[in-house]
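Trainee: Listed below, chain by chain, are the residues.
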Amino acid sequence: MPTLQKTALRPLATELEFTRVYRENRDVHPAIREWRCLEVLLPAFFQAMKPGDLFAGRIRHPLCGFSTQPGGFGYYCHEAAIRNVLESSPADAALREHVEAMLAFWRVENTTAKTRAAYPPWVSQALPVDSLAIVHPAYPLYRLGGTQLDYGRLLALGIPGMKAEVSRNFEGAEGGEAALGEALCGCLDLLADVARRYAGEIRDAGSAMGEVRSLAEALESLPNRPPRTFREAAQLFWLASWAAGSWNYGRLDEVLGPFLARDLDAGLLDEAAATDLLVSLWKLMDATVPCWDARIIVGGKGRENEEAGDRFALLAMEATRRARVIVPQLTLRFHDGQNPALMAKALDVLAEGVTFPMLYNDEVNIPAAAKAMGISEAEAVEYLPFGCGEYMLWKKGFATPSGAINLAKCLEIALNDGRCPISGKVMGPRTGEAASFASFEDLWRAYAAQVEYSVAALTAQEKIEYDTLGREAPCLFTTLLTDDCLSRRKAALRGGVRYLAGTLETYGNTDVADALTAIRAAVFENKTETMESLLTAMGNDWEEAEGLRKHLLALPKYGNDDDVADAMAARVHDHVCGFTRDQAAAVGLAYYLVVVINNSMNVALGKMVGALPDGRKAGDPLANGNNPVAGRDRQGVTAFLNSLVKLRTDHHAGAVQNMKFSKSMFTAHRPKLEALLSGYFAAGGAQAMLTVVNRGDLEAAMRGPEKWGHLMVRVGGFSARFVELPNDVQRHILERTLNE
Amino acid sequence: MGIVFDLQRSALQDGPGIRTTVFLKGCPMRCRWCHNPESWELEPQSAVSGDPPRTWGREWSVEEVMAVVRKDRRFHQVSGGGMTLSGGEPTRQADFCLALLEAARGEGIHTCLDTCGCFPSNLLDRLLRFVDLFLYDLKATGEERHRELTGIPASVPLTNLEAILERGGKVLLRCPMVPGVNDFEEHFSAIAALSRKHPGITGIEILPYHRSGESKWAELGMDAPDLGAREPEEGQKKAWEASLQRLGALRWKIL
Ligand code: SF4
Numbered sequence: 031m032p033t034l035q036k037t038a039l040r041p042l043a044t045e046l047e048f049t050r051v052y053r054e055n056r057d058v059h060p061a062i063r064e065w066r067c068l069e070v071l072l073p074a075f076f077q078a079m080k081p082g083d084l085f086a087g088r089i090r091h092p093l094c095g096f097s098t099q100p101g102g103f104g105y106y107c108h109e110a111a112i113r114n115v116l117e118s119s120p121a122d123a124a125l126r127e128h129v130e131a132m133l134a135f136w137r138v139e140n141t142t143a144k145t146r147a148a149y150p151p152w153v154s155q156a157l158p159v160d161s162l163a164i165v166h167p168a169y170p171l172y173r174l175g176g177t178q179l180d181y182g183r184l185l186a187l188g189i190p191g192m193k194a195e196v197s198r199n200f201e202g203a204e205g206g207e208a209a210l211g212e213a214l215c216g217c218l219d220l221l222a223d224v225a226r227r228y229a230g231e232i233r234d235a236g237s238a239m240g241e242v243r244s245l246a247e248a249l250e251s252l253p254n255r256p257p258r259t260f261r262e263a264a265q266l267f268w269l270a271s272w273a274a275g276s277w278n279y280g281r282l283d284e285v286l287g288p289f290l291a292r293d294l295d296a297g298l299l300d301e302a303a304a305t306d307l308l309v310s311l312w313k314l315m316d317a318t319v320p321c322w323d324a325r326i327i328v329g330g331k332g333r334e335n336e337e338a339g340d341r342f343a344l345l346a347m348e349a350t351r352r353a354r355v356i357v358p359q360l361t362l363r364f365h366d367g368q369n370p371a372l373m374a375k376a377l378d379v380l381a382e383g384v385t386f387p388m389l390y391n392d393e394v395n396i397p398a399a400a401k402a403m404g405i406s407e408a409e410a411v412e413y414l415p416f417g418c419g420e421y422m423l424w425k426k427g428f429a430t431p432s433g434a435i436n437l438a439k440c441l442e443i444a445l446n447d448g449r450c451p452i453s454g455k456v457m458g459p460r461t462g463e464a465a466s467f468a469s470f471e472d473l474w475r476a477y478a479a480q481v482e483y484s485v486a487a488l489t490a491q492e493k494i495e496y497d498t499l500g501r502e503a504p505c506l507f508t509t510l511l512t513d514d515c516l517s518r519r520k521a522a523l524r525g526g527v528r529y530l531a532g533t534l535e536t537y538g539n540t541d542v543a544d545a546l547t548a549i550r551a552a553v554f555e556n557k558t559e560t561m562e563s564l565l566t567a568m569g570n571d572w573e574e575a576e577g578l579r580k581h582l583l584a585l586p587k588y589g590n591d592d593d594v595a596d597a598m599a600a601r602v603h604d605h606v607c608g609f610t611r612d613q614a615a616a617v618g619l620a621y622y623l624v625v626v627i628n629n630s631m632n633v634a635l636g637k638m639v640g641a642l643p644d645g646r647k648a649g650d651p652l653a654n655g656n657n658p659v660a661g662r663d664r665q666g667v668t669a670f671l672n673s674l675v676k677l678r679t680d681h682h683a684g685a686v687q688n689m690k691f692s693k694s695m696f697t698a699h700r701p702k703l704e705a706l707l708s709g710y711f712a713a714g715g716a717q718a719m720l721t722v723v724n725r726g727d728l729e730a731a732m733r734g735p736e737k738w739g740h741l742m743v744r745v746g747g748f749s750a751r752f753v754e755l756p757n758d759v760q761r762h763i764l765e766r767t768l769n770e
Numbered sequence: 040m041g042i043v044f045d046l047q048r049s050a051l052q053d054g055p056g057i058r059t060t061v062f063l064k065g066c067p068m069r070c071r072w073c074h075n076p077e078s079w080e081l082e083p084q085s086a087v088s089g090d091p092p093r094t095w096g097r098e099w100s101v102e103e104v105m106a107v108v109r110k111d112r113r114f115h116q117v118s119g120g121g122m123t124l125s126g127g128e129p130t131r132q133a134d135f136c137l138a139l140l141e142a143a144r145g146e147g148i149h150t151c152l153d154t155c156g157c158f159p160s161n162l163l164d165r166l167l168r169f170v171d172l173f174l175y176d177l178k179a180t181g182e183e184r185h186r187e188l189t190g191i192p193a194s195v196p197l198t199n200l201e202a203i204l205e206r207g208g209k210v211l212l213r214c215p216m217v218p219g220v221n222d223f224e225e226h227f228s229a230i231a232a233l234s235r236k237h238p239g240i241t242g243i244e245i246l247p248y249h250r251s252g253e254s255k256w257a258e259l260g261m262d263a264p265d266l267g268a269r270e271p272e273e274g275q276k277k278a279w280e281a282s283l284q285r286l287g288a289l290r291w292k293i294l
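If you read the sequences in order, they're chains A and B.
Quick note on the working numbering: the first sequence kicks off at 31 and runs consecutively.
Quick note on the working numbering: the second sequence kicks off at 40 and runs consecutively.
FYI, nobody ran anything at the bench for these hints, they're computed from the structure.
Here a beta-carbon is modelled for each residue, glycine too, at the ideal position from N, C-alpha and C.
Treat the hints with caution; some may be incorrect.
Said to hold, decoys possible - DSSO-like mimics (lysine-lysine), calculated; alpha carbons at most 27 Å apart, straight line:
| hint | chain 1 | residue 1 | chain 2 | residue 2 |
| --- | --- | --- | --- | --- |
| 1 | A | Lys580 | B | Lys255 |
| 2 | A | Lys737 | A | Lys580 |
| 3 | B | Lys110 | A | Lys737 |
| 4 | A | Lys693 | B | Lys292 |
| 5 | A | Lys693 | B | Lys277 |
| 6 | A | Lys676 | B | Lys110 |
| 7 | B | Lys110 | A | Lys690 |
| 8 | A | Lys737 | B | Lys255 |
| 9 | B | Lys209 | A | Lys693 |
Said to hold, decoys possible - Just so you have them, the derived chain A footprint on chain B, three or more residues with Cβ under 8 Å:
| hint | region |
| --- | --- |
| 10 | 44-56 |
| 11 | 104-115 |
Work the whole structure out from these sequences, hints included.
Mentor: Here you go:
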C-alpha cells in the first residue's frame with residue numbers, strides 16, 4: 031500500500047485517485063463503493079508520527095474525499111481550497127484539466143448538494159442560505175455529528191474478533207446485506223493495515239527509544255489479537271475513532287478504565303507513566319480536533335466498571351491539569367453517592383485556571399433526558415454531552431446538531447413584518463406591522479410564528495440530511511461501532527441505529543427574553559414609549575436616544591432572580607423547546623430537541639442583529655448559552671443561580687451555564703464554592719462550566735465595564751463589584767491576580 | 040420601615056457561609072478609613088454629580104427585605120450562612136434593625152450583626168436574643184486615639200463588647216489594621232488579652248487596610264480624609280503576625 035510520503039509527491043494525487051475510484055464504482059452498491067474509496071483515503075489520511083508522540087495517529091483531511099463530519103459531509107469536495115493548491119502548483123495543463131473535470135463532477139455529486147437538491151420547496155424557501163456569513167434567521171448545518179461510538183466491543187474483541195462478529199451476524203446474507211457485511215469486514219482490514227503501516231514506519235525510522243519500540247509492538251499486535259494493555263487499547267481506540275471520523279469519544283472511563291486498572295495492578299504501568307500516556311493522547315487530540323469537540327466523559331451513573339473508571343477519571347483529570355491544552359473537553363458526570371474524590375479533583379484542577387472538567391449533574395440530567403427524548407431512565411443513563419453540549423445517547427443514538435436558529439433575528443423580523451431591517455429582505459412570514467399590534471400578545475404571536483416557521487423547516491431538513499447521506503454511503507466505521515447495526519444487518523442511517531434523532535442549536539434566547547420584557551413594559555404596560563418611536567431609536571442604534579436606552583436597560587433583566595424577567599425567559603425557553611420537541615413525529619425522527627449551547631456563534635450571529643428593545647446595541651454578541659446577557663446579572667451569584675434553575679430542563683437536550691469565580695473561591699473559600707454548587711445542583715442545576723477569573727477577564731472588564739457588572743473580586747476583607755472600583759484599585763487587583 | 044442603601048445577595052465575607060447582607064443607613068462613627076461614607080447620614084442621599092446622579096438608600100419594609108433574604112434560603116442552608124445586617128451602623132435604625140433580626144430568627148435564618156459597637160446599652164437584651172453572631176469591630180486601643188480616629192471614645196464599644204460576651208453572646212472580632220495609624224503594640228496586646236479572656240470570641244480577623252475609591256467621596260460632595268497611610272506590605276503583615284504570636288493572641292487570622 032502506498033505510504034504518505036509517496037502520495038504527497040504530486041499535488042492533489044489523493045483527491046484525483048479518490049475521484050477516479052469513486053467514478054469507477056459509482057453504480058455499485060454504496061457499501062462496496064465506500065469501502066473502495068476508503069482504500070484510497072485511509073492511507074493518505076493517516077499521517078506520520080511526530081517526535082514525542084506516544085501514540086500513532088496524526089491526520090490530514092484530503093480536500094476531496096468521504097467523511098461523516100471532520101473532512102466534510104459525506105462525499106465532499108472543497109473547491110476553493112483545491113483551486114488554491116492549483117494556483118500554487120507549477121503550471122501543468124494535464125493536471126489542470128483533470129482537476130477541472132474533478133471539480134465539475136463533484137459540484138453535483140457531493141452529498142451536501144444532493145441534500146439541498148432533496149429539499150421540498152417550502153424547506154428551501156425557509157432555508158435559502160447555507161453560509162453562516164449571510165444574514166438569515168436559520169441555517170442548516172451539514173454533517174453527521176453527534177456520534178459517540180462503541181469502542182468497548184472493538185477493544186474487547188480486537189480487529190480479528192470484530193471481523194468474526196461481522197461474519198457471524200451476516201451469515202447467509204444476500205444482495206445488499208451481503209455487500210454491507212463484506213464491506214464492513216473489508217474496512218476492518220484497512221484499519222489493520224494502518225496499524226501495520228505505522229509499526230513499519232517506526233521500525234524503519236530505526237528509533238532505539240524504548241517508548242517508541244513498545245509502541246511498534248503494540249501496533250503490530252493489533253491486526254492479530256485483541257488489545258491486552260492500556261497502551262494497545264488506547265491506540266486502537268484512537269485509530270478507530272479517526273477511521274470513523276468521530277471526534278467525541280463518550281465514556282472513556284468505561285472503555286479504557288479496565289485496561290488501565292489491570293496494567294496498574296499488574297505493575298506494567300505506574301500512575302506517572304499512565305498519566306504521560308494520557309497527556310500525549312490529549313496533545314494529539316489538541317493537534318487534530320477543533321476546540322468545540324473532543325468530549326471525553328468520565329463519572330456518572332450506570333457504569334459497569336465504576337472502580338476502574340474512577341481510577342481512569344482521576345488520571346484523566348490530572349492529565350488535563352498537566353497538558354494545558356484546549357481539548358479534550360473533559361466532562362465529569364456526577365451523582366449522589368459517587369466517589370467524592372472525583373469532584374474534589376475536578377475543583378482542584380479548575381482552581382488552576384484550567385477550564386475542564388465541565389460538570390454535569392446526573393440527578394437532574396437523567397430524568398430530564400429521559401423525558402425529553404421519550405426513553406426510559408434506564409436508557410437515559412447513557413446520555414452524553416457532545417461537542418458544545420448537545421446530549422446524545424452513547425452508542426445507540428445520533429442527534430446531530432444540523433440546524434441553527436437565531437432567535438434574536440426572529441424577533442427582529444417579527445418587529446418588521448418579516449423583513450430584515452438591515453438588508454431590507456423578507457426573511458420570514460409576513461406577520462404584520464409592529465405598530466399595528468394592539469397588545470403584547472400580538473407581538474408574541476408574530477415572534478412565535480417566525481420561530482415556528484424556521485424550526486419546522488429545520489426539522490424536515492435534518493431528516494432529509496440523514497436520508498441523503500444514508501443513500502450515498504453506509505458510513506462503514508460508524509455502522510461497525512454503533513449498537514444494533516450488526517444484529518439488524520443494517521447501515522446506521524438505514525435502520526441500523528436505534529435512535530435517529532436531531533438537535534437544533536438556538537442562539538439569542540436570553541436576548542429575546544430581555545427584549546420582550548422591555549417592550550412589554552415600555553410600550554404596552556407603562557406606555558412610556560410608542561412602538562414607532564422605539565423602532566426608530568433602534569433603527570438609529572440609539573443615537574440621540576441614550577436616555578431611552580438607559581431607561582430600557584434599567585428594566586428587569588434575566589439573571590437577577592427577578593420574577594418578571596425570569597418568567598419571560600421561561601416563556602421564550604418553553605416555547606422554542608416545546609415546539610421543537612413536537613416536530614420530531616412529523617418527519618420520523620426519534621426526537622428533535624433544542625440545545626442552548628456555548629460556542630462562538632453567539633458572537634457571529636450577534637453581528638447580524640440590529641439594536642434590540644432591551645437596550646442592546648446593534649452587533650453586540652448574543653448571550654452565551656443559557657446565561658444572562660453579559661454583565662446584566664448584578665444581584666450576585668445566588669440570584670444568578672436561582673434564575674438559571676427556573677428554566678426547565680426536561681424538554682431540551684442540554685443548555686450550558688458558564689460561571690466565573692475568583693481564584694480564592696477555589697482555595698481559601700472552597701467550602702463556600704462547594705456550598706454554592708451543591709445548592710445550585712440540589713435546586714435543579716443541570717450543568718456548570720466553572721472557570722477562574724483571570725487577568726484577561728479583568729483587563730476586558732476595565733475596557734468594557736458594561737459587560738462585566740457581575741464580576742466580583744475580593745478587596746481586603748470585602749467583596750466588591752470589580753467595575754465599580756476606581757481605576758487604580760482595579761489595576762492593583764490585576765497585579766495581584768497575576769500572582770495568585 | 041427603614042432606609043437600606045444596598046443589599047448584597049451571596050456575600051462571602053460577612054460571617055459564616057453564604058450570606059445575604061443588608062446595608063442600613065446611618066452611622067455614629069466617622070472612621071478616617073471609612074469605605075462607606077455614603078452610609079453616614081440616616082436619610083437617603085443623591086450624588087452631587089453624574090447623569091443621572093447615583094442615589095443611596097430608599098425605604099424598605101421588613102417584609103420586602105425578607106422576601107429577598109428568603110430567596111437564598113437553600114444557599115444559606117447548605118453553607119451554614121444566613122442574613123447579615125451591616126451599614127453604616129445597623130443599630131442606628133434600632134427598631135428596623137431589631138425587627139429584621141426578629142423576623143429572620145423567626146424563620147430559622149442564622150443572623151449576624153456587623154457592628155461598630157456604638158449603640159445604647161438598652162438594646163443589648165434584644166440584640167442578644169436575636170443575633171447568632173456579632174461581627175464586632177475593634178478599631179483602636181486608647182480612649183483618645185479611638186476618639187481621634189472614629190469620633191467616639193473606645194470605652195463605648197468596649198463596654199458593649201464586654202457586656203455581650205459576659206452574657207454569652209458569640210463574637211467574631213474584626214480589626215481593621217492601618218499601618219502607622221492603629222497597629223500599635225498596646226492594640227495587639229488588647230486584642231490578645233480579649234481573646235484569652237473570652238471564649239465567646241470565636242475568631243479574630245485582622246483586615247489589612249486597603250485604599251478605597253476616592254471617587255465616592257467626590258460624588259458625595261465630600262473631601263476624602265487624608266489618612267496618609269499606605270497599604271501594608273507582606274513584611275508589615277509578618278510583623279503583625281509576630282506581635283500577635285508573641286502577645287499570645289488566640290484564634291486570629293490576617294485576611
Ligand atoms: S463604623 Fe463603619 S461605616 Fe461607620 S464610619 Fe466607621 S467604617 Fe464607616
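Trainee: So, for every hint listed, does it hold in this structure?
Mentor: Do the hints match the structure? See the list:
With a CA separation close to 22 Å, the supplied pair Lys580 of chain A and Lys255 of chain B stays within the 27 Å bound. Proximity of Lys737 of chain A to Lys580 of chain A is assessed by CA-CA distance (about 15 Å); at most 27 Å being required, the pair is judged to hold. At most 27 Å may separate the alpha-carbon atoms for a hinted pair to count; Lys110 of chain B and Lys737 of chain A meet this at roughly 25 Å. Our distance criterion of 27 Å between C-alpha atoms is met by Lys693 of chain A and Lys292 of chain B, whose separation comes to about 19 Å.
Note on Lys693 of chain A and Lys277 of chain B: the hinted pairing holds, with a Cα-Cα distance of about 23 Å set against a maximum of 27 Å. Straight-line distance between C-alpha atoms of Lys676 of chain A and Lys110 of chain B comes to about 13 Å, which keeps the hinted pair within the 27 Å bound. Only pairs whose Cα atoms come within 27 Å are accepted, and Lys110 of chain B paired with Lys690 of chain A is accepted, the gap being roughly 21 Å. With a C-alpha separation of about 22 Å, the suggested pair Lys737 of chain A and Lys255 of chain B falls inside the 27 Å cut-off, and the hint holds.
With a C-alpha separation of about 30 Å, the suggested pair Lys209 of chain B and Lys693 of chain A falls outside the 27 Å cut-off, and the hint is violated. Counting residues of the region 44-56 of chain B whose C-beta sits closer than 8 Å to any C-beta of chain A gives 7, which meets the bar of three, so the coverage hint holds. Here the region 104-115 of chain B counts 4 residues with a CB under 8 Å from a CB of chain A, which clears the bar of 3, and the coverage holds.
The structure is inconsistent with hint 9 alone, although it conforms to all the rest.
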